[in-house]
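Engineer: Given next are the chains, with one letter for each unit.
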Amino acid sequence: MALKQISSNKCFGGLQKVFEHDSVELNCKMKFAVYLPPKAETGKCPALYWLSGLTCTEQNFISKSGYHQSASEHGLVVIAPDTSPHCFLIGGCNIKGEDESWDFGTGAGFYVDATEDPWKTNYRMYSYVTEELPQLINANFPVDPQRMSIFGHSMGGHGALICALKNPGKYKSVSAFAPICNPVLCPWGKKAFSGYLGTDQSKWKAYDATHLVKSYPGSQLDILIDQGKDDQFLLDGQLLPDNFIAACTEKKIPVVFRLQEGYDHSYYFIATFITDHIRHHAKYLNA
Amino acid sequence: MEEESGEELGLDRSTPKDFHFYHMDLYDSEDRLHLFPEENTRMRKVVQAEMANESRGAGDGKAQRDLQEEVDELVHLYGLEDDHELGDEFVDENIPRTGVSEYPPYMMKRRDPAREQRDWRLSGEAAEAEDLGFGGWGSAGQCQDLREAYRYTHGRASEEYECYVIPEEEDEEEAADVFCVTCKTPIRAFQKVFDEHKEHEVIPLNEALESAKDEIHKNMYKLEKQIIEMENFANHLEEVFITVEENFGKQEQNFESHYNEILETLAQKYEEKIQALGEKKKEKLEALYGQLVSCGENLDTCKELMETIEEMCHEEKVDFIKDAVAMADRLGKFLKTKTDVEISAQPEFEDQTLDFSDVEQLMGSINTIPATGSSVRVCWSLYSDDTVESYQLSYRPVQDSSPGTDQAEFTVTVKETYCSVTNLVPNTQYEFWVTAHNRAGPSPSSERAVYMTAPSPPIIKTKEIRSCEEAVLICWESGNLNPVDSYTVELTQAESPEASGVTESVVGIPTCESVVQLQPGRSYIIYVRALNMGGPSVRSEPATVHTIGSYFRLNKDTCHPWLTISEDGLTAVRSERRTPARELSPSDTHFTRCVAVMGNLIPVRGHHYWEVEVDEHLDYRVGVAFADVRKQEDLGANCLSWCMRHTFASSRHKYEFLHNRTTPDIRITVPPKKIGILLDYEHSKLSFFNVDLSQHLYTFSCQLHEFVHPCFSLEKPGCLKVHNGISMPKHVTFY
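Sequence order for the protein chains is A and B. Heads up: the first sequence begins at 1463 in the numbering used here, then just goes up one per residue. Heads up: the second sequence begins at 42 in the numbering used here, then just goes up one per residue.
Don't take every hint at face value.
[Stated by the list, open to error] In silico contact screen, one side only, chain A against chain B (beta carbon under 10 Å); selected entries: (1) P1703; (2) V1718; (3) K1745.
[Unchecked claim] Taking lysine-lysine pairs in the PhoX-like style, the calculated list, with each CA pair at most 25 Å apart, reads: (4) A:K1466 x A:K1491; (5) A:K1691 x B:K695; (6) A:K1506 x B:K259.
No lab work stands behind these hints: they were computed from the structure. All C-beta atoms in this analysis are idealised placements derived from N, C-alpha and C, irrespective of residue type, glycine included.
Model the full assembly from the supplied sequences, consistent with the hints where possible.
Structural biologist: Encoded structure:
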């Protein structure tokens, strides 16, 4: 798989790069950002995957979250794929309805492998994130394939949670900012799943963190979730963290959920707590 | 190509300039170049949509009008932000959402990536002379614009930016801005291409600066470490220095007293012998004198007789015959008595033998130091030639004040001029006086001398030892009824008793407690001695300290009446029954409202870690508080305490992290059974962990201007157990 470097900037002693490649799962060109800490010059580092929210590209996270200092200090390679790939627009991909709403279609892949036409050819972000991207990273960058963690924001938080819950043992830790915890019950989720997965709700549950927890058999996960209290989407009932917490309490999955007074859904909120999250992951990746 | 796109979009030329002015962010100019293509894409979309809409001939006048507004809005928005995440802008809800929906998908032209590539080349090696004359964007001019824009938008004095007004190319020819690694000199960019540096490795000047700085920092770090090491070593040397002085003092004293003893014994012997000689002399002289006297008498008698006879010869014949017969008788008798002409006393004296055996004995015993609390060696001497048969030493403890009770007086009779008195009370002053005795009776008593017995050894309160990784706080009982002058603490490392000839001493401690600096991760054995004028006591019983983690015990003086603390000071139990509140003294060392108890943490900064074992269904508070926290309030209800509070009600666990009555909103799904608490004075933090899961729960940032102590409170009957002396686990070190 040929990687083409798009940009490289030095940051906190390491390098923030952006690459492009042809994705097999998504059938188009994909971009991703990768941060190589100073430690990567001399050895393999653990990998931390960031999944962005609705309408975001790889640029939002690397420009606004201020994660570089923490990643540099802890020696973590941080990878952020473009969640709204322009490639969703190419390749005959003039999909009707794709740009009709900002929360469905372009920029709202919901990290599933779509089964319905016309989405199923290109909208396979779940496989991309869990299979194709890690293989690509492992082959081309100084990362340790055994040490991998995942986190994200909003739709990306949902993505991180389901990737971890559907692959016990694959990720050493998981965390999320204002995740969509129970998509099956919220307007966003219902819209996306019915479009991508069809009307059979049993197929939806396979991509719902709250449901996945109920049947999670696997190894100990330590989940950190930050949620802004003044987040409009929380008040609109799109995020539903209480359901997730209740399920985790029931199944004794360790979660620390922090409701942060005064914070909203924006990258300002992410920037405030990103250091705590990186440290949370470093604790398990550098153990 | 740029020209093409320029023609397509009337907006193209003008809008970039607008962007310069409104961009108030921190990016370099190079980055900004990167962002333009995307924004232009969006802009293109807007205009395209306009055209598309017009071409579609949308009869929906409303849509057109909306679109126009939306376009304006978007221009405004994109001018202000480079924000692509429409999620952020939901507050201005309708515009972006519906705006996007109007656009037909736009075909990305291939040239965009190409243009991006060119832009990147520009941003990358700005130093290279190539591509500066690059057309389309007119980068030189562009850069110039940007720099002017900086001047305007940042409102700085133009003097600072004078140099940037000069076009780029000239700048680069004058300043050195790359670094030749091979020659280790800075050179100008073009030199790389043309001069002797052609074959050499070149890196940008910034990189070279960075690596040079790194080197220096590393060395600085090493130097700092060395400084700390040497300072520590100097401190250690000082301590050993003091110990040497002390030991010297002891040896000196000891030698002096023994030497004096020997000298006195010798002097004594001399006196005795001289005395004996003197007496011998007297005897002889007396004998001789006696002889002399009798000789004299004899002579007198002879002379008398001679005179009588001479007188007789001058008398009448008749008288002469009478006297002659009498004289003849007398003479006859006189001459019969023997005259003793033997000398009764010989002039020579015998050779004196000197007996030094007891001096030898004394010399042999010179190594023992008579430092005990219950015996004293008293010496005295005689200042006259009188005969002495024995001495009587009397002593009694010195009375301070009350003349009432008369202390018992003791007496010892000896022949020597020194005596060891035993069975004395330690740390007491005694007065001694001596009387000499002979046949005639006792002498008047000597002046009273005062000696002080050495003190008894102190007793270390082992249950109250508190320690951390860097120090230990020991306290002890004096072991003496009366005050002593000072105390000495001695410590040795436990690992290598043979090798540890080194005992560190801390001298001159005025009170019955001391904080001693230690090394982390070791074991120490500690002794204490008391010191007074009479000398040091023997060592106390030892106590052992391990410098792993922090050790403390729960302080019974602070605990609420409903709590019972175990013997080992580590478990607190609240029983079902409520014992009636005892009458507590007005001093508020006990918690009265919160059923709590405080631990005694060593007052040393640095970091401390301990664990608390709790029951899942227990209602408790664990945390820290200042020593003077108000005991009438709950833990966490004021600004002098911080705690984690767990309440279990209706099968639900609720967790709060309280300080000054406020808590963040936190949910924890797995209730911890063992809570790890990290107190970090250095970073002003107090952190809580679920030990079994290595899970971090919460961290307070707290201003710790004074020392704090661990606190534990039980809100319902139950018990909690403190675990001490635990080294910080790895997961805790991340915090």
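Engineer: Among all the numbered hints in the text so far, which are the ones the structure does not match?
Structural biologist: none
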